Amino acid sequence: MVTQLRLQLFRMMLRWKSLLFLFLFPLVIVTGLYPILSVTVSGTQIPIAWVDQDNSEFSQLVYDRLQENERLNIKPLNQEEAGRQVQTGEVEAVFLIEAGFEEQLKTGETGEIINWIRSEASTLDAFAKEKIASEAVRVMLNSKAAQFVADRQGEEAWEGTFKRADSYWVPEPLFQMEFKWKRGVEKQGGAALPLSVQGMISFLLLYVMGVTAYLYRQWFEDKKTGLLERIRLSTGHVYYYYGAWLLIQFALLISVTLFVFALMVPVFHVTWSLLTPWMLQLMVIISIVHVFLFMMAITLRSSGLFFSICASIILASFLLGGIPLESLDGFRIGKWLPHGWLFD
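Sequential numbering from 1 applies to the sequence shown in full-length UniProt numbering.
Hints are not guaranteed to be accurate.
[Stated by the list, open to error] Pairs of lysine-lysine, BS3-like flavour, derived with a Cα cap of 30 Å: (1) Lys163 <-> Lys131; (2) Lys163 <-> Lys106; (3) Lys129 <-> Lys75; (4) Lys106 <-> Lys129; (5) Lys75 <-> Lys163; (6) Lys223 <-> Lys163; (7) Lys131 <-> Lys144; (8) Lys224 <-> Lys17; (9) Lys163 <-> Lys129; (10) Lys131 <-> Lys106; (11) Lys144 <-> Lys163; (12) Lys144 <-> Lys129; (13) Lys75 <-> Lys106; (14) Lys17 <-> Lys223; (15) Lys17 <-> Lys75.
[Said to hold, decoys possible] Ranges between beta-carbon positions, derived for each pair: (16) Ser234 <-> Leu280: 50 to 56 Å; (17) Gly236 <-> Ala311: 31 to 37 Å; (18) Arg65 <-> Ala157: 22 to 28 Å; (19) Trp169 <-> Leu280: 25 to 31 Å; (20) Tyr214 <-> Trp336: 39 to 45 Å; (21) Gly100 <-> Asn78: 50 to 56 Å; (22) Glu70 <-> Ile298: 19 to 25 Å; (23) Leu247 <-> Arg164: 48 to 54 Å; (24) Ile29 <-> Glu70: 17 to 23 Å; (25) Ala311 <-> Tyr239: 26 to 32 Å; (26) Tyr214 <-> Ser234: 26 to 32 Å; (27) Glu57 <-> Thr31: 35 to 41 Å.
Don't read these hints as lab results, they were simulated from the structure. All values derive from a computational prediction rather than experimental measurement. For every residue, glycine included, the Cβ atom is placed at its ideal position computed from N, Cα and C.
Please put together the full structure from these sequences, using the hints given.
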């Protein structure tokens, strides 16, 4: 086994140009796709006009939190310009924060503190309405809790209580309804990861599966030249060859994956805490794909048939992974495809 590992490593080092390409190509892809994915994601955001006539700490707090939502494109405008843009369709709706917004929230009143202006052509603004309402209620409840404590312990306790009450909303509220997605590729626990990064991970899985298939080219060359048969005649079996092959190729694929994830941290400005669950899941999927292709390579004698099947699986996974088929009563193609496992 050790001898086979050394031989396989030596053969791999002789192809150092191919190894270098395996790492340089993802570098180009990550840096090249970043602006494209960023523009694509920003193009799918819901444009909303924000008119703040209160200019208070609470209204600014709600605005800042809405800005963190990647599905919303909040545009601070004056009332006249906001009205014009909603009529021309440049924004889906206008949310007008009335003067006295902060005072009413502090007293627990919620009537007529936010005006919602839309046109007949508006279709996507309901999502923004719910998000703004939820943030306003969050601030109001925190404020009421802080005021309750301040009435008994003094005004100096107000700010600390407000922050403590607000902490119970992170990472999610204590009490909430649970909804299960029936469409799309959103995964619970992955919502904090930007869509552009999820897109990059999808491309990474496509690339690694392609690399996995490509690496078997040497396998079929060894079969064709009779190397495997000579190893079988001299040692009685080819198990060590198979074992060394699996270990080295798996280590190479994991190295490429780690390299790309390390690139995404500075390029996409995300943290390892967000990327790690996705990375581990991707490694599991890569392992399954690698073993599946290994079994297929042992079974099939024709390299042409092997690579045709690989290409079909890879393209189907990338293009169809996770898409539900309503005509088949909820049957999901993604259930059987690597990209479906990643985003399901």
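Taking the hints in turn, this is what the structure says about them:
1. Lys163 <-> Lys131: 20 Å, holds
2. Lys163 <-> Lys106: 14 Å, holds
3. Lys129 <-> Lys75: The given pair, whose Cα atoms are some 15 Å apart, holds under the 30 Å limit.
4. Lys106 <-> Lys129: 21 Å, holds
5. Lys75 <-> Lys163: Within the cut-off at roughly 27 Å; holds.
6. Lys223 <-> Lys163: Violated, at roughly 67 Å.
7. Lys131 <-> Lys144: Since the Cα atoms of Lys131 and Lys144 sit roughly 20 Å apart, the hinted pair holds (cutoff 30 Å).
8. Lys224 <-> Lys17: With a Cα-Cα distance of about 23 Å, the restraint between Lys224 and Lys17 holds, given a limit of 30 Å.
9. Lys163 <-> Lys129: 25 Å, holds
10. Lys131 <-> Lys106: Holds: Lys131 and Lys106 sit about 20 Å apart, inside 30 Å.
11. Lys144 <-> Lys163: Between Lys144 and Lys163 the Cα gap is close to 12 Å, so the pair holds against 30 Å.
12. Lys144 <-> Lys129: Measuring from Cα to Cα gives roughly 22 Å; hence the hint holds.
13. Lys75 <-> Lys106: 26 Å, holds
14. Lys17 <-> Lys223: Given that 30 Å is the threshold and the Cα spacing comes to 23 Å, the pair holds.
15. Lys17 <-> Lys75: 49 Å, violated
16. Ser234 <-> Leu280: 50 to 56 Å: 40 Å, violated
17. Gly236 <-> Ala311: 31 to 37 Å: At 35 Å between Cβs, range holds.
18. Arg65 <-> Ala157: 22 to 28 Å: 24 Å, holds
19. Trp169 <-> Leu280: 25 to 31 Å: 28 Å, holds
20. Tyr214 <-> Trp336: 39 to 45 Å: Check failed, 23 Å falls outside 39 to 45 Å.
21. Gly100 <-> Asn78: 50 to 56 Å: For Gly100 and Asn78 the Cβ distance comes to about 19 Å; the hint is violated.
22. Glu70 <-> Ile298: 19 to 25 Å: For Ile298 against Glu70, whose Cβ atoms are near 45 Å apart, the range 19 to 25 Å is violated.
23. Leu247 <-> Arg164: 48 to 54 Å: Given a distance of about 52 Å, which is inside 48 to 54 Å, the answer is holds.
24. Ile29 <-> Glu70: 17 to 23 Å: 22 Å, holds
25. Ala311 <-> Tyr239: 26 to 32 Å: 29 Å, holds
26. Tyr214 <-> Ser234: 26 to 32 Å: 28 Å, holds
27. Glu57 <-> Thr31: 35 to 41 Å: Between Glu57 and Thr31, where Cβ atoms are some 40 Å apart, the hint holds.
Hint compliance for this structure: hints 6, 15, 16, 20, 21, 22 are broken, all remaining hints hold.
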